[in-house]
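These protein sequences, in sequence, are chains Z and C.
The numbers in the first sequence follow the numbering used here, run straight up by one, and end at 354.
The numbers in the second sequence follow the numbering used here, run straight up by one, and end at 452.
Please keep in mind that the hints were generated in silico from the structure rather than gathered at the bench.
Any given hint could be a false lead.
In silico DSS-like pairs for lysine-lysine, Cα to Cα no more than 25 Å straight-line [claimed, not checked]:
#1 C:K396 <-> Z:K44
#2 Z:K128 <-> Z:K225
#3 Z:K15 <-> C:K434
#4 Z:K15 <-> C:K379
#5 C:K392 <-> C:K374
#6 C:K368 <-> Z:K44
#7 C:K423 <-> Z:K44
#8 C:K404 <-> Z:K44
#9 Z:K15 <-> C:K433
#10 Z:K15 <-> C:K368
#11 C:K357 <-> Z:K15
Just some of the chain Z residues that point at chain C, by a computed CB distance under 8 Å [to be verified]:
#12 L16
#13 E29
#14 S31
#15 C32
#16 F35
#17 V39
#18 H40
#19 F72
Think of the CB as a built atom: it goes at the ideal place given N, C-alpha and C, for glycine as much as any other residue.
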Amino acid sequence: MKMEEMSLSGLDNSKLEAIAQEIYADLVEDSCLGFCFEVHRAVKCGYFFLDDTDPDSMKDFEIVDQPGLDIFGQVFNQWKSKECVCPNCSRSIAASRFAPHLEKCLGMGRNSSRIANRRIANSNNMNKSESDQEDNDDINDNDWSYGSEKKAKKRKSDKLWYLPFQNPNSPRRSKSLKHKNGELSNSDPFKYSNSTGISYETLGPEELRSLLTTQCGVISEHTKKMCTRSLRCPQHTDEQRRTVRIYFLGSSAVLPEVESSLDNDSFDMTDSQALISRLQWDGSSDLSPSDSGSSKTSENQGWGLGTNNSESRKTKKKKSHLSLVGTASGLGSNKKKKPKPPAPPTPSIYDDIN
Amino acid sequence: MNKDAQMRAAINQKLIETGKRECFKELLRPKLTECVWKDQLKVHCKEVIKEKGLEHITVDDLVAEITPKGRALVPDSVKKELLQRIRTFLTRARWLSL
Chain Z
1 MKMEEMSLSG
11 LDNSKLEAIA
21 QEIYADLVED
31 SCLGFCFEVH
41 RAVKCGYFFL
51 DDTDPDSMKD
61 FEIVDQPGLD
71 IFGQVFNQWK
81 SKECVCPNCS
91 RSIAASRFAP
101 HLEKCLGMGR
111 NSSRIANRRI
121 ANSNNMNKSE
131 SDQEDNDDIN
141 DNDWSYGSEK
151 KAKKRKSDKL
161 WYLPFQNPNS
171 PRRSKSLKHK
181 NGELSNSDPF
191 KYSNSTGISY
201 ETLGPEELRS
211 LLTTQCGVIS
221 EHTKKMCTRS
231 LRCPQHTDEQ
241 RRTVRIYFLG
251 SSAVLPEVES
261 SLDNDSFDMT
271 DSQALISRLQ
281 WDGSSDLSPS
291 DSGSSKTSEN
301 QGWGLGTNNS
311 ESRKTKKKKS
321 HLSLVGTASG
331 LGSNKKKKPK
341 PPAPPTPSIY
351 DDIN
Chain C
355 MNKDAQMRAA
365 INQKLIETGK
375 RECFKELLRP
385 KLTECVWKDQ
395 LKVHCKEVIK
405 EKGLEHITVD
415 DLVAEITPKG
425 RALVPDSVKK
435 ELLQRIRTFL
445 TRARWLSL
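Take the sequences, apply the hints, and build the full model.
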């Protein structure tokens, strides 16, 4: 190698040039050879002459450059004024309106099915005035959005109720059970009718009564149905609930909350003492057994439910768990309104325990 | 002469080893395409093929016909540029080998 390298350095320019030329010639020959191979392959595979066109077909596709025409020689507004004959109804329709017409004519496509459904639902409504079936569209829409929302709200309100009264014993469980049962028994027959309320026309008196003890029951003006939310549903007032119950069950009807105080009588204790004992059992810390506390609780109770006490003594209906929660909830709500009084008794409870 | 031949062989080897040969080739190819050298040669090819007949054409025939034409058709600009690069390479090689 060294000898060759040294000889390289001894080269003069002409020789260098000659070598350069040679190298160049080699490169060009390589390119030519490569090209020949390509051509030969194209010939043998048969695609060599593919890009050739005869002059006749060249003329057919010549670019058009006249005013009013596109490069293919077509007129711009040609299809607007044309009329097509519909294969279904054999009418002649304008070309631009043809596609939507076909959609409706053949009954395919999104809009036509929607319109058909609505028509069916409307005709159903007209035919069966007493049926529970409402407009399918509305039902479906309500089911999905309003129903789930309602459910979520309901659960939340339930949670708020139970929080201050955490007790593994019956009141909560039975209330929830009862609620479940209530829901199951009441809502099952009406499950398919609607999700937002119950139509009172088809309910029997017993069912009505049980319904009214567990649910709000206020009749909505829009849908003429009873509200299925809880007894403390924020959408309706107690007045409304009382009105509904009176309307259905007669003048002796009372709100279920009121009936809670019944159990005080059934246990043969005074109202306040029963409440206190029950509350202690429930584990409420805000109400003390002491006189001050009891007087306040009785005050609270009186304030909320006092007017109904006399009525409740006359009618004996309800079950303990419901009443308990009713009481608790009543007190809970009262507590919200009067935050101050319950506060001072708190330390005294702990004193008693200790 | 032997020395020359040896020298040329050595240079060629260097060219290949450094990858410069491929480099030059890749440089030449697009240049030839864009200066329509290929299209001209293609036209010539078609004539040759029509002359000889599509079925019986062979690579040797093509090569024999095409190569001289191809060499002649290379435009001067391309030729000059390529030669320049080769010279540069050789000079560099000569200096480096020292």
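Here is what the structure says about each hint:
1. Taking the CA atoms of K396 of chain C and K44 of chain Z, the gap is near 15 Å; set against the 25 Å cutoff, the hint holds.
2. Only pairs whose Cα atoms come within 25 Å are accepted, and K128 of chain Z paired with K225 of chain Z is accepted, the gap being roughly 17 Å.
3. The straight-line distance between the Cα atoms of K15 of chain Z and K434 of chain C is roughly 17 Å, inside the 25 Å bound, and the hint therefore holds.
4. A hinted pair counts as satisfied when its Cα atoms are at most 25 Å apart, and K15 of chain Z with K379 of chain C qualifies at roughly 23 Å.
5. Distance restraint check for K392 of chain C and K374 of chain C: the Cα-Cα separation of roughly 23 Å lies within the 25 Å cut-off, and the hinted pair is therefore satisfied.
6. Taken as a hint, the K368 of chain C and K44 of chain Z pair is broken in the structure, with Cα atoms around 37 Å apart against an allowance of 25 Å.
7. Simply put, K423 of chain C and K44 of chain Z have alpha-carbon atoms about 22 Å apart, close enough for the 25 Å limit, and the pair holds.
8. The straight-line distance between the Cα atoms of K404 of chain C and K44 of chain Z is roughly 14 Å, inside the 25 Å bound, and the hint therefore holds.
9. The straight-line distance between the Cα atoms of K15 of chain Z and K433 of chain C is roughly 18 Å, inside the 25 Å bound, and the hint therefore holds.
10. This hinted pair checks out: K15 of chain Z and K368 of chain C have alpha carbons roughly 17 Å apart, not beyond 25 Å.
11. Proposed proximity of K357 of chain C and K15 of chain Z is supported: the alpha carbons are some 12 Å apart, at most 25 Å.
12. Residue-level restraint check for L16 of chain Z holds (minimum Cβ-Cβ distance to chain C is 6 Å; threshold 8 Å).
13. For E29 of chain Z, the suggested interface contact is upheld, since its CB lies about 6 Å from the closest CB of chain C, less than 8 Å.
14. About 6 Å separates the beta-carbon of S31 of chain Z from the nearest beta-carbon of chain C, less than 8 Å, and the hint is met.
15. With a least beta-carbon distance of about 4 Å to chain C, the hint placing C32 of chain Z at the interface is held under the 8 Å criterion.
16. About 6 Å separates the beta-carbon of F35 of chain Z from the nearest beta-carbon of chain C, less than 8 Å, and the hint is met.
17. Hint status for V39 of chain Z relative to chain C: holds, with the closest Cβ pair at about 5 Å, below 8 Å.
18. Hint on H40 of chain Z holds. Least Cβ distance to chain C is approximately 5 Å, under the 8 Å limit.
19. Of the supplied interface hints, the one on F72 of chain Z is violated, with its beta-carbon coming no nearer than about 28 Å to a beta-carbon of chain C, more than 8 Å.
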